[in-house]
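Given only the sequences and the hints, what does the whole structure look like? Please build it.
Protein chains in written order, with this note's numbering: chain A, 1 to 147; chain B, 148 to 294; chain C, 295 to 410; chain D, 411 to 526.
FYI, nobody ran anything at the bench for these hints, they're computed from the structure.
The reader is advised that the hints may include incorrect statements.
[Claimed, not checked] Straight-line Cα separation of at most 27 Å, DSSO-like style, residue types lysine-lysine; simulated pairs:
1) 94(A) / 507(D)
2) 216(B) / 14(A)
3) 14(A) / 136(A)
4) 391(C) / 241(B)
5) 8(A) / 216(B)
6) 129(A) / 101(A)
7) 161(B) / 391(C)
8) 298(C) / 149(B)
9) 248(B) / 161(B)
10) 428(D) / 14(A)
11) 507(D) / 428(D)
12) 101(A) / 414(D)
13) 8(A) / 155(B)
14) 276(B) / 149(B)
15) 161(B) / 337(C)
16) 248(B) / 216(B)
17) 283(B) / 216(B)
18) 276(B) / 2(A)
19) 284(B) / 149(B)
20) 283(B) / 14(A)
21) 161(B) / 241(B)
22) 161(B) / 69(A)
This one's a predicted model, so the numbers in the text were calculated from it and none came from an experiment.
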Amino acid sequence: MKNEMELKFLSVSKNESFARSTVASFVAQIDPTMDELTELKTVVSEAVTNAIIHGYEEREDGWITIHCKILDENVVELTIRDEGVGIENVALAKEPLYTSKPELERSGMGFSIMESFTDELVVESEVGKGTTVTMKKQFHQVKTVCH
Amino acid sequence: MKNEMELKFLSVSKNESFARSTVASFVAQIDPTMDELTELKTVVSEAVTNAIIHGYEEREDGWITIHCKILDENVVELTIRDEGVGIENVALAKEPLYTSKPELERSGMGFSIMESFTDELVVESEVGKGTTVTMKKQFHQVKTVCH
Amino acid sequence: MLEKEFILRDNVLVVRLKGEIDHHEATILRNEWQRYLHDENLKHVILNMDAVTFMDSSGIGVILGRYKEVMTKGGEFVVCGVHGYIDRLFSMSGLVKVVRIEENEEDALLSLGVAS
Amino acid sequence: MLEKEFILRDNVLVVRLKGEIDHHEATILRNEWQRYLHDENLKHVILNMDAVTFMDSSGIGVILGRYKEVMTKGGEFVVCGVHGYIDRLFSMSGLVKVVRIEENEEDALLSLGVAS
Ligand SMILES: Nc1ncnc2c1ncn2[C@@H]1O[C@H](COP(=O)(O)OP(=O)(O)O)[C@@H](O)[C@H]1O
Ligand SMILES: Nc1ncnc2c1ncn2[C@@H]1O[C@H](COP(=O)(O)OP(=O)(O)O)[C@@H](O)[C@H]1O
Numbered sequence: 001m002k003n004e005m006e007l008k009f010l011s012v013s014k015n016e017s018f019a020r021s022t023v024a025s026f027v028a029q030i031d032p033t034m035d036e037l038t039e040l041k042t043v044v045s046e047a048v049t050n051a052i053i054h055g056y057e058e059r060e061d062g063w064i065t066i067h068c069k070i071l072d073e074n075v076v077e078l079t080i081r082d083e084g085v086g087i088e089n090v091a092l093a094k095e096p097l098y099t100s101k102p103e104l105e106r107s108g109m110g111f112s113i114m115e116s117f118t119d120e121l122v123v124e125s126e127v128g129k130g131t132t133v134t135m136k137k138q139f140h141q142v143k144t145v146c147h
Numbered sequence: 148m149k150n151e152m153e154l155k156f157l158s159v160s161k162n163e164s165f166a167r168s169t170v171a172s173f174v175a176q177i178d179p180t181m182d183e184l185t186e187l188k189t190v191v192s193e194a195v196t197n198a199i200i201h202g203y204e205e206r207e208d209g210w211i212t213i214h215c216k217i218l219d220e221n222v223v224e225l226t227i228r229d230e231g232v233g234i235e236n237v238a239l240a241k242e243p244l245y246t247s248k249p250e251l252e253r254s255g256m257g258f259s260i261m262e263s264f265t266d267e268l269v270v271e272s273e274v275g276k277g278t279t280v281t282m283k284k285q286f287h288q289v290k291t292v293c294h
Numbered sequence: 295m296l297e298k299e300f301i302l303r304d305n306v307l308v309v310r311l312k313g314e315i316d317h318h319e320a321t322i323l324r325n326e327w328q329r330y331l332h333d334e335n336l337k338h339v340i341l342n343m344d345a346v347t348f349m350d351s352s353g354i355g356v357i358l359g360r361y362k363e364v365m366t367k368g369g370e371f372v373v374c375g376v377h378g379y380i381d382r383l384f385s386m387s388g389l390v391k392v393v394r395i396e397e398n399e400e401d402a403l404l405s406l407g408v409a410s
Numbered sequence: 411m412l413e414k415e416f417i418l419r420d421n422v423l424v425v426r427l428k429g430e431i432d433h434h435e436a437t438i439l440r441n442e443w444q445r446y447l448h449d450e451n452l453k454h455v456i457l458n459m460d461a462v463t464f465m466d467s468s469g470i471g472v473i474l475g476r477y478k479e480v481m482t483k484g485g486e487f488v489v490c491g492v493h494g495y496i497d498r499l500f501s502m503s504g505l506v507k508v509v510r511i512e513e514n515e516e517d518a519l520l521s522l523g524v525a526s
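Put into structure tokens, the structure is as follows:
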């Protein structure tokens with residue numbers, strides 16, 4: 001069962017819940033457990049929030065793109081992209097508790113959460129061009145369905 | 148409250164319910180009535196089904212794109228596009244009860260339903276290139292919210 | 295999702311649907327429904343739409359298709375539980391003029407001479 | 411959606427949350443919560459997470475932020491109703507080591523010397 005979708009939306013904070021619930025409802029077709037779905041929603045929420053707050057610095061006219069691909073082996077590949085300010089030092093950004101916006105009460109836990117709730121995390125970014133976060137997540141408790 | 152999103156997905160019939168529920172959850176932000184939401188879901192379902200059955204003739208590797216824009220005046224603009232076979236005679240296709248696939252038990256009611264559940268319907272199509280259906284729907288019973 | 299229940303009462307097939315009928319579900323529904331209609335002893339159909347929450351023109355197509363099959367057999371096709379939005383679609387599509395509509399399953403069964 | 415209930419018991423502010431805490435909701439929550447914390451008579455906070463169904467790191471941020479404000483006032487910050495997924499996030503983020511955690515609101519109130 002291969003399937004694929006792409007969702008593009010404006011960098012409006014109200015769209016955070018729309019984004020994560022849309023990804024969850026797409027991935028529901030491979031029968032994830034409740035825990036797996038919650039983890040998936042969380043990582044979508046983290047990456048989308050980062051695009052809004054950091055990438056677009058809370059401007060509401062930027063586009064955020066989520067690409068979601070269900071691979072054959074019950075693996076979901078998720079790419080979340082913005083065309084915002086980009087990250088100068090990705091290694092530093094990924095450090096637990098590092099945040100460039102403490103004044104906004106950011107906890108600096110975003111990338112750590114994405115890392116622990118997925119099986120693979122790749123962050124590509126170019127200053128002035130934008131940021132792409134790619135994650136792979138294995139769904140273990142999938143009921144086998146006839147093909 | 149302006150907002151906009153685009154959803155792209157494969158021409159797999161299982162995606163029909165995903166598509167209409169995603170559009171409905173996006174439009175939920177303007178507080179539509181239950182009836183308005185059901186009408187919206189129906190027209191999305193009609194256009195997406197047409198793209199799958201007619202546009203891509205049930206091949207599952209075509210892309211369907213839904214563009215959904217919330218305009219200021221509580222009007223939703225919906226564009227549903229495929230890059231499939233296209234329609235030779237759009238006027239004929241829009242006739243109530245006309246269907247080119249009676250063997251699939253199509254009722255020929257798709258365009259009629261889209262027409263009666265929206266306020267504006269434009270069908271653009273080119274043979275071999277694909278079809279774009281644009282609809283506008285006015286949402287009347289919207290509670291006024293502070294801007 | 296569409297849940298389906300097929301119940302045999304004498305020569306009547308009662309079809310209870312629950313959920314959403316779109317093209318994806320209509321295709322699955324048709325295949326299952328047709329297997330029952332191959333039964334020679336079966337003559338009439340009662341379709342209970344009471345728990346259907348969504349339907350588009352693919353639903354109209356699958357109902358019209360089964361209606362025609364039952365007509366060919368010389369049977370009757372009765373629909374019940376038609377209200378709200380489904381009622382609107384039945385009117386728009388003209389289905390309301392073609393099939394017989396009864397309030398509920400009990401009335402539908404009585405109308406076919408089956409004691410409920 | 412996040413529903414919020416703010417209840418004053420002596421010098422304790424009880425905050426009951428229901429629903430999802432993301433960045434959008436966290437911003438709204440912070441603004442409302444801070445208005446209550448401006449009250450001089452108010453010293454401690456009890457945060458009831460029992461009905462929270464979703465939270466991300468923005469939730470951790472808003473909790474830590476209020477924790478610090480309460481500390482500055484010399485008050486105590488107690489959280490209750492922390493289970494399942496929320497418990498995992500509390501552990502991952504280290505919040506569990508910073509705030510005091512009690513089983514339910516009653517225990518939390520008692521721990522602050524307020525009879526429930
Ligand atoms: N999409 C993005 N665009 C620009 N900078 C980003 C983006 N995502 C993350 N960053 C940078 O990486 C830092 C760490 O991110 P994260 O771990 O999610 O913590 P937080 O969002 O709480 O700051 C951010 O503070 C920001 O400087
Ligand atoms: N996306 C499309 N691509 C190609 N042909 C289409 C498309 N949409 C509609 N058509 C043509 O228009 C006809 C009428 O469509 P419609 O009113 O929805 O009825 P039905 O889908 O039941 O056939 C179809 O039978 C088909 O020939």
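Status of each hint after checking the structure:
1. 94(A) / 507(D): 22 Å, holds
2. 216(B) / 14(A): 15 Å, holds
3. 14(A) / 136(A): Judged against 27 Å, a Cα distance of about 25 Å means the pair holds.
4. 391(C) / 241(B): 22 Å, holds
5. 8(A) / 216(B): 12 Å, holds
6. 129(A) / 101(A): Roughly 20 Å between the alpha carbons, so the hint for residue 129(A) and residue 101(A) holds.
7. 161(B) / 391(C): 32 Å, violated
8. 298(C) / 149(B): Not satisfied, since the Cα-Cα distance of roughly 41 Å exceeds 27 Å.
9. 248(B) / 161(B): 20 Å, holds
10. 428(D) / 14(A): 17 Å, holds
11. 507(D) / 428(D): At roughly 24 Å apart (the allowed maximum being 27 Å), residue 428(D) and residue 507(D) satisfy the hint.
12. 101(A) / 414(D): Holds, at roughly 26 Å.
13. 8(A) / 155(B): Answer holds: residue 8(A) to residue 155(B) is near 9 Å, not above 27 Å.
14. 276(B) / 149(B): Measuring from Cα to Cα gives roughly 31 Å; hence the hint is violated.
15. 161(B) / 337(C): 33 Å, violated
16. 248(B) / 216(B): Distance ~32 Å between residue 248(B) and residue 216(B) Cα, so the pair is violated.
17. 283(B) / 216(B): Satisfied, since the Cα-Cα distance of roughly 10 Å is no more than 27 Å.
18. 276(B) / 2(A): 25 Å, holds
19. 284(B) / 149(B): 15 Å, holds
20. 283(B) / 14(A): Holds. Residue 283(B) to residue 14(A) sits at ~23 Å (cutoff 27 Å).
21. 161(B) / 241(B): With Cα atoms ~25 Å apart, residue 161(B) and residue 241(B) stay inside 27 Å; holds.
22. 161(B) / 69(A): Measuring from Cα to Cα gives roughly 15 Å; hence the hint holds.
Consistency note: the structure conflicts with the earlier hints numbered 7, 8, 14, 15, 16.
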